[in-house]
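Chains as they are written, first to last, in the numbering used here: chain U, 742 to 1006; chain P, 7 to 368; chain E, 3 to 290.
If you are wondering where the hints come from, they were derived from the structure by calculation, not from laboratory data. Positions of the beta carbon are idealized from the N, C-alpha and C atoms, including for glycine. Treat each hint with caution, since some may be false.
Covered stretches of chain U, going by a simulated chain E footprint (3 or more residues, C-beta under 8 Å) [as the list claims (entries may be wrong)]: (1) 808-820; (2) 828-839; (3) 893-899; (4) 909-919; (5) 938-948.
Label pairs and their computed distance ranges (CB to CB) [as the list claims (entries may be wrong)]: (6) U/K840 with P/P45: 26 to 32 Å; (7) E/D143 with U/R804: 42 to 48 Å; (8) E/P179 with U/G873: 52 to 58 Å; (9) E/A272 with U/T749: 34 to 40 Å.
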Amino acid sequence: MNLRRAGTDTIWIAWMAIGYIVVLLPIVVVVFASFSDSNTFRFPPTGYSLKWYQAAFASSEYRNALGVSLLVGLLATAVSLTAGTLAAYALSRSEFRGKSSIETLLLAPLALPHIVWAIGLLQIYAWLGIGGTLLGLVLAHAALTLPFAVRIMLSTFIQLDRTLQEAASTLGASPPRVIWHIVLPLIWPGVLTSALLTFLTSFNEVTVSVLIAGSRYLTYPVRLYSELRSQGIDPTTVAISAMLLALIVVFALIGERFLNWSRRV
Amino acid sequence: MTPAYLSITGMAKAYRGTPALRLVDLSVNEGEFLALLGPSGCGKSTLLRLVAGLLQPDAGSITLAGQSIERLPPHQRDIGLVFQNYALFPHMSVAKNVRFGLSMRNMPRAEADQRVGEALALVKLEHLAARMPSELSGGQQQRVALARAIAIRPRLLLLDEPLSNLDAVLRNSVRTELRELHARTGLTVVMVTHDQAEAMTMADRIAVMSDGLILQHDTPQVIYEQPASDFVAKFVGTPPAAMLRVDRKHDGGFGLGTSPWTPSPELARVLEPIQRVGVALGLRPDHLALTAPDAPHAMPGTIRTIEYLGAERLVHVEVGGQLLVLRLSGDAAVGKGEVGVAITRVPPIFDIETGLRLASTG
Amino acid sequence: MARKSTVLLLTPGLLLTGAVFLSPFVFLGLTSFWTQRPNSLLIDPAFTLVNYVRIATDSFFLGTLFRTILLGIVTVAICLLLGLPIARWIARRAVRTRGILVVLMVTPMVSGALVQTLGLVNLLSLLGVINGLLKQLGLIDWSIRFLGNEGGVLIGLVQAFLPLMVLPLITTLAKLPEDLEAAARSLGAPAWRVWVTIILPLAMPGILAGSILVFFASVTSFVTPQILGQGKVQTFGTVMYQQSALVNDWPFASALAMAMMLVLGVLLLAVRAVRRGLERRPVIGSAS
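Next comes chain U alone, as it looks inside the complex (with noise of 0.2 Å):
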């Protein structure tokens, strides 16, 4: 019997371990290959240095592109913030008919297929004249990360007790002292939260990047598109992917352990 419970454990264990093998093998590969020396990348590695991380480092095409994902990415999370906590706040605090319909409106950027959307905006761009524009890329990316916002914001505002503001309201705060000394600091989990959610998902966009990002403003995901598009890998870039893997996976940490991402998400 023990014997048969130890086999069916071990069964357990291997399935789990292929399948986060699956999941985690092409992140593990890109930080074991940025450390190789050669020009491609070749297993096994013919020796190991740093010298892809210098030249990271020293690239200024590399250093745009990363500027520009920057750029996009904080614009695009500072209007779908703002855009998804009035949202939010809204659909918590009042009770109206259509309730349920503009929440669903608000959320439909997850649930209606990227790809369809990027062609039609594409061409409406290409109609409005702010094809390849920074406008153009900050709008695109706000309208995709904010249901993330309106999501997340959602239930901070819903685990809000609302007889903080009114308890607050009748030792004399007016409503914007309300909203500075009880709802900020209430809320700030939730606000960082969604912040990093929109910002990442910003920073990794690719789909509709490709299609409306012009010379001027390449992301670097488009950048990093174009180069594997053309059989060409340049271990530059494998050495920045690996650091910003490391960075997202520091911020994800920090998430889990401080803000219970996996339960807020």
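Keeping the supplied structure of chain U fixed, place chains P and E upon it in accordance with the hints.
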């Protein structure tokens, strides 16, 4: 006559077409402790929130200390409110919670420190000033909420079900403490409660509410002895009053159910002039006594159950299809079976149709 | 809250979603009935069904549609087979362990599609990790070609979307009472019967949700087939992209996009019907 300290006139409020308050007038004198008593959904909490300014009335006016306040936003009303769930700010220490209202009034630091100290001393929590709300027991949280509301020296203190979240042992001591606090501060207090015992023991006056209306507004004693309607009689008192229907026969006599009955001369004098087919007697234990089944004027009944409560016992007797409750001393011998029940005092008498007390009685 | 401020607070979000996200779908519906003038960037805004007729009659597009759906179905099947035991295992861990495992599962998703694809290329290429490893072990003499065929695309799709299957399954399975399985075992059911009669029926809502997510994601995916297929594997996503960005026949791309919306819409209606059937069924243990 000078106008009342707090006076509410013609107050009405509906939620999505469902009336919560129909048309309420209420006045509270300065320094008085008023209880708004009623079952859940009767509109008492709505009334409290309207006074605090957390809801906007559909109609009606509120004046406080001679000032019309129904248009003022809550933060300009100077009314302290202790919430049922206490609503302590979880990100602030006890002292910061109590100080909050004073900071909003931009009070100088030294003065605010002193006020916070006073308020915490009043609720005997000076030693917990640095704690966070999550580190306090339910009873302590409630006292912090109380101190926070008192610290702003409100013109009016509102308490929303202050005892409902406390355990039974704590409830009794907090009841006394709230009473003492009221005596010491001289604040005008309006408390919402669904517990009639709480209202009876704590309040100077009680407003009994049902279905968006105030049914009776008077001292606990008057409400207990001369309830305005059968609802009030059944809602107030332990045990509540039982309603016994008495019919008027065609020949002018009286009947209980199908059998004829001759009331005592004292009661008959009150019942005779009432020109109704039937009335309801609101009978509490203090109106009743056990007798032999064949005693004159007694109502024949059957003992159903006996509750032993130590110093006394409550005897449930079925009379004419109704259960009446009598009180006997703990050591009195009672058997089971057929008994007689005598009405020893004239009880309040209610109209069968409207439920209102007939003015000539009680 | 006052009606006016509610409207005011909702306006920016609705405007953003409506103008930027939803309007392209309307626009696509419109332009799919127009045509591109030959050898020109001008569009002829006259109503015609010619684009749709072309999709319905051209064997290339029909074949692509069929291949895309087939890839989606196989991806769902593999994810389900792989994901169900994993989800079951994770769901039975303590909350703390479960959190860590969920974060590990989500990490690739938040690290971006392209970084993952980059890793996959390094893993699967002729000189990549897998071929290198197999050669070192002496199992093969010649590199196996993983990229540029359906197999490679399939690996990429499973890798990218397995978490989409596992996460809803964990949510569903974590809600099941712990004792359920023990109860079934104590009544004499062998392990495989516990799975068939207890776990699978109760996990059905999660299985449906996960399958829809994975199917949608793989059918509409574009980066994975484009890069791992190396231009040799056409899916609906890559064809739409080519028609938009390379051929520049926008009305035809619109019609392709609408055709995809139609396929997904029909599928969604079918799933809803299945789900309604599930809801009518008694929740635990049907007698049949």
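Okay, the hints, checked on the actual structure:
no., hint, verdict
1, 808-820, "violated (count 1)"
2, 828-839, "holds (count 7)"
3, 893-899, "violated (count 0)"
4, 909-919, "violated (count 0)"
5, 938-948, "holds (count 6)"
6, U/K840 with P/P45: 26 to 32 Å, "31 Å, holds"
7, E/D143 with U/R804: 42 to 48 Å, "44 Å, holds"
8, E/P179 with U/G873: 52 to 58 Å, "56 Å, holds"
9, E/A272 with U/T749: 34 to 40 Å, "37 Å, holds"
In summary, the numbered hints that this structure violates are 1, 3, 4.
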